[in-house]
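> The primary structure of each chain is shown beneath.
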Amino acid sequence: MAATTIKASFPLLMFQTLFENDNGHIRLLQKFDERSKILENLQNYRLLEYKSKPHTIFLPQQTDADFILVVLSGKAILTVLEPNDRNSFNLERGDTIKLPAGSQNQQSILSEFNKNILEASFNTGYEEIEKVLLEEHDKETQHRRSLRDKRDHSQEEDVIVKLSRGQIEELSKNEKSSSKKSVSSESEPFNLRSRNPVYSNKFGRFFEITPEKNPQLQDLNVFVNSVEIKEGSLLLPHYNSRAIVIVTVNDENRDFELVGQRNENQQGQRKEDDEEEEQGEEEINKQVKNYKAKLSREDVFVIPAGHPVAIKASSNLDLLGFGINAKNNQRNFLAGGEDNVIGQIHQPVKELVFPGSVQEIDRLLENQKQSHFANAQPEHRERGIHETRDPLYSILDAF
Amino acid sequence: MAATTIKASFPLLMFQTLFENDNGHIRLLQKFDERSKILENLQNYRLLEYKSKPHTIFLPQQTDADFILVVLSGKAILTVLEPNDRNSFNLERGDTIKLPAGSQNQQSILSEFNKNILEASFNTGYEEIEKVLLEEHDKETQHRRSLRDKRDHSQEEDVIVKLSRGQIEELSKNEKSSSKKSVSSESEPFNLRSRNPVYSNKFGRFFEITPEKNPQLQDLNVFVNSVEIKEGSLLLPHYNSRAIVIVTVNDENRDFELVGQRNENQQGQRKEDDEEEEQGEEEINKQVKNYKAKLSREDVFVIPAGHPVAIKASSNLDLLGFGINAKNNQRNFLAGGEDNVIGQIHQPVKELVFPGSVQEIDRLLENQKQSHFANAQPEHRERGIHETRDPLYSILDAF
Amino acid sequence: MAATTIKASFPLLMFQTLFENDNGHIRLLQKFDERSKILENLQNYRLLEYKSKPHTIFLPQQTDADFILVVLSGKAILTVLEPNDRNSFNLERGDTIKLPAGSQNQQSILSEFNKNILEASFNTGYEEIEKVLLEEHDKETQHRRSLRDKRDHSQEEDVIVKLSRGQIEELSKNEKSSSKKSVSSESEPFNLRSRNPVYSNKFGRFFEITPEKNPQLQDLNVFVNSVEIKEGSLLLPHYNSRAIVIVTVNDENRDFELVGQRNENQQGQRKEDDEEEEQGEEEINKQVKNYKAKLSREDVFVIPAGHPVAIKASSNLDLLGFGINAKNNQRNFLAGGEDNVIGQIHQPVKELVFPGSVQEIDRLLENQKQSHFANAQPEHRERGIHETRDPLYSILDAF
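Residue numbers (this note's numbering), protein chains in the order written: chain A, 1 to 399; chain B, 1 to 399; chain C, 1 to 399.
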C-alpha cells in the first residue's frame, strides 16, 4: 500500500530568495493564501528563513510586521534597538523571541531626506553628513558588485556582512544569555525546551510554549512547538481543535536549512508510478482518501484546524511548528493511552458511534499502551517487507 | 391601517435542512450576508436549529466554529469531551453554554487513515480495527438506507439515533445540573432566567446575559436574551446602540421548533391584498416608512444596530435573541418612564428637537406610566374595530 | 532646492460638506482607502470636522460609530445622554473624549413609527403626538428653506441651531468641567495638555495621550497627540514603529478650521513651475525621492507606520494627530540627543551600516545638542538666501 496523492488540504509551499551572497541568504515563503483557499486565515502571516555562515552579521532591515524568531541551529547574538536602550542576547538552538514591528535600515532612510533637513537635523554641513552617513558603503561590497548589479534595488544593499574577530568580541560584550531567563519575560528570549516536554516517551518528545504560558505570544495568539520523533516512531493520530499549524523540518546536519521548494506538478507524475493505478478509477478515488504524503527535507506544510494528522519518522526527525489562533487550542489524540478523546466517549455512545460493542472497543483501545508517540510498526505481528527507499518522514492525514 | 411591505433593513432569513430522519432534524440558516448587504458584519455567524424526539441522541459531529447552545424547550443531557476529561450536564429550557470549536466525528476521521498508520496507532491488526471501529454501523440504520441513498454523502451518516432505556440510564449517571450553578462559570451552562429580569412588569419580562455578566460570552462578544411579551402587550420602541440582534421565535407548544422558512416573493403578493393600494403610488411610498411586518411563527429576523424597533404580541410571545457586538451595548427606549433617552434631553434642547413646547413634551411623556413593556392599546380612548385575523406578533420599526 | 512632487506614500485628503448653514458646518473627510491602497488599514476610520459660531447648538444626530472628539478651539458644552442619566461637560481647547456609537435623532426616529404604535407607546391620541413630537419644526427653519430645498433629504433637518441667552444659561447649569478631571477616567473628557509634554524644548512641545495612559483610547487602540512647533523650528526626523498617524493642522486664528481641500491635479501643475524641470528626467526621478511637500493650512495628511518624517514650521504651527494601531508604538528619532536609534547601534555595527568610521559617526551625532525639536537652520554656517514665500510648514519624508 503506497498511495501518494497530495491533497489540497495539506498544502506545501515554495520559497523565494530575497537576498543571497557568499555569507548567507534570506528566503521568504510564498503567501499562504496564494497557495490554497483554505489558508485564507493565514493571509497576514509570512515565513522567513535567515541562514548565514559563522562570523557574519545581518544588518538592520526594514520590518513592518511583528516577528517570532526561532533559532533552529547555531549560535547568534541578537541586538534589539529601542529609542533609549539596547539589549543584546546570546541565542542558541531553540531560543525564541518576539520582535516588534518597526525596525529600519537607518542608512537607507537618511539618504532619502534632502540637504536642508539633514543639515538642520545634524547641525552640520551636508558634505560631512554625506561622507559619514550617506555615501554607499564600499569597504566590503566591491567584490559583490557584479552580482548585485543584476538584481533589483532592494537586493543591492549590504544585508549579510562578514565580521572581524575584534568586531565580534566587541559585540559579545554585555550580551545576556537567554538560557538563564524565565519563560515568562515580556521582552527576553525564551527557549522552547526550557519547560518540561508536554508529551515525552522513548519514541519522541513534544515541547510547546503557548500564549497562556508566555506573554510574548499573547498578542499574536501563536504557539511555537518543537517536536522530536525518533527513527521508526510515530506521532499518534490527533487533531488541533482551533490552531492552524505551520510546520517546518529542522535538520541540524544541514546547517540551519529550514525548508525548501517542491514541484507542484509532481502529483501527476507520482500517479504514473503508482502501483495501484491499474485498479481502476474507483479505486484511485478511494486512494485519495487513504493517501500518505512522502515529504522530503526542506518542506513546509500546513495543518488546518480540526484536520487529523499522524507523522511517521523514517530517521530522527526534528520539527518546528507555529500554531496560529492558538488560544484555548486542544490537541485531541485518536489513539494511545492519554489525551485520547475516543476513550472519553460515554460507554453507551461508543457503540452508537462505532460498529463494535463497548467491550470490543475498550479491548482494542487498550492494545496501545503508549501515549502521543509510539512504535511506527505494530508490535504484535509479523512485519511485511520493509520499503527499500524511505523518505525522511511521512505525514498521514485524513479528510 | 395595515401596511405590510417588508423592508430590506429588516431581513428575514431561510433555513436549509442539513439532516433529517424520523428522530429529528438539523437545519442551518442561510448566510446572513447572502441575504442583505447590511448584514455583512454577521458573515462569521450562523444559526443552527437542532430538534429531536425524546430518547434520541445527536452523535458527535465535526464543528469548526464556537457554538452558543440554548435550550428552547425540552430536557437534554449534554456531554462535552476533552482529551483527559468528560463533563455531562443536565440541561433544561433556557440553559445556555458556549461550546468551543473542534468537535469531531471520531469514526469518520479514523476511517480515512491508512492501514499502516492504524495498525501502528492501535497496535493491532487491521482486520480487528476495521471490525470494531471502522465498518459502517448498520445496527440501526438499515431502515433508513433507502431514504439516505437519495442524499449526498454528508447526510449518509447517523446523526440522530434512538436510545434504549438502559443507555439513557447509563448516560444520566454523574451528570451535573446547570440549575444549581452560578452564572459566571467559565465552562458550565448557565440559565437565561437565573438572574432577575432586566425589565419586568405585568406586560412582559426581559432576561439578558451579557458578556459583562458571563465570561463564556466575552470572547465571542455576544449577549443572549429571552423576552416574554404577554398577549396584547407591546415592547416599547427602542434601539440598541451597538448590538446587531438575531431574533428567533420560541414557541413551546410546537416542541423545540425554533424558526422557519419564509417565501421571499410574498412581498409582491401582499401588496395586491393591500387595502391601501388604491391610494396611489405616493401614498404607498409613504407606507413603506410606516410599515409593520406581520411575521408568523418560524421566522428569524435581524435588528441592525441603531435601528428602532417595537414588538407587539397578538398572543403570548417568547423570543430568543443573540446580540452580536454586545460589549457596552445600551438599549435606549423612546417611550415609557425608565431608560427613556427622550426624557434625558436637556429642557432647552427638547424644544429645539421637537415642535412642541417643553411643557407640552413633558406632559405627553408622562402619559405613559409603564416602562419597557406596555398595553398595546392606548388606555385613554375608544378602541377601533379589532382586526379579525391577528398574526402571532408584529414588528414595528422605522427608517 | 525646491522639489515639490507629492508622493503616493504621503496622501492628502479632501473634505465633503455634509451640512452647512449660517451657523456652521459639518464636513467629512473622504474615505482613506479611496485615496490610496496603502491606507487600506484605515478603512474603518473617518475624520469629521464640526465648526460653528458662538451661541449655537449641534442637535443630536445619528452616529453608528465610536467618536473621538477633540476641541481644536473655542469653548463648548457637551451633553452625553444615557438611558437613565445625562452628563454635561464644559469643554475647552485640547479637551478630548470618546463618545460611543448609538446616538440618534429622536424626532426623526419617532416620525417613522406608525399611528398605532405611537398611540400605545405614549398612551395618547395621535393628534397630540403629532403636534408635540412629530410636526416639522418650523420655528427657526423658515429662512433656510429655499436653500435646503436644493439638497437631499439628509440635509433638510435642522442640525446647527441658534440658542437664546436663556437657553444657554439653562444648558450651562450643572455641567462638569473637564479641566479638573484626571486623565484616566473611563467616560469623562481629558485634556491633551493635562500631562507634561513627552518632548519639550524652546523649539516645540509634544503632548500625547496613548491607550496605555487612558482607558477611553484602549478599545479603539488610538493615540491622540498635540504638537506645537515654533516658527523656524524643526521636528527632527523620526518614524513610528507601529502607528499610522492622521495629522490635521490646527490654526487657532482661523476659528476652528481643522482642515481643507486640495486639488489632486496640482501635482502636474507644480511640475511645470519646477525650476529643476530642465535638469532632465533622471534628475526628476531622483527628485521624487528627495522631495518636500509644501502644505498649506487646511490639509490633512497621513503618515504610514515605519515612514520617516520631519516637519519644519515656517510660522508657529499647531498640529493634531490621531495614531491608529497605537498600542506599543515607539517613536524612533534619527537625529538629536535623546530617543535616537542611530545612537543605540552597537559601535562595530555602526561602521558596517554607515560609510564613516565609528569616531566620525559619533562626532557627527554629537553636533546636534537638541532632542526631538531643533532649529530648522543649522547653526554652524552661513545661511543661503531665504526663500521669499514660505508655506505654513513643510513635511520632509523619505522612501
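These are calculated hints, taken from the structure and not from any lab test.
Keep in mind the model is a prediction, meaning the values are calculated, not measured.
Glycine is no exception: its CB is placed at the ideal position from the N, C-alpha and C atoms.
Check before you lean on any hint, since a few could be wrong.
Derived list of chain B stretches under chain A, where covered just means 3 residues or more per stretch with a C-beta under 8 Å from a C-beta of chain A [as the list claims (entries may be wrong)]:
#1 54-64
#2 84-94
#3 123-129
#4 158-165
> State for each hint whether it applies.
Taking the hints in turn, this is what the structure says about them:
no., hint, verdict
1, 54-64, "holds (count 5)"
2, 84-94, "holds (count 4)"
3, 123-129, "holds (count 5)"
4, 158-165, "holds (count 3)"
When each numbered hint is compared with the structure, no violation occurs for any of them.
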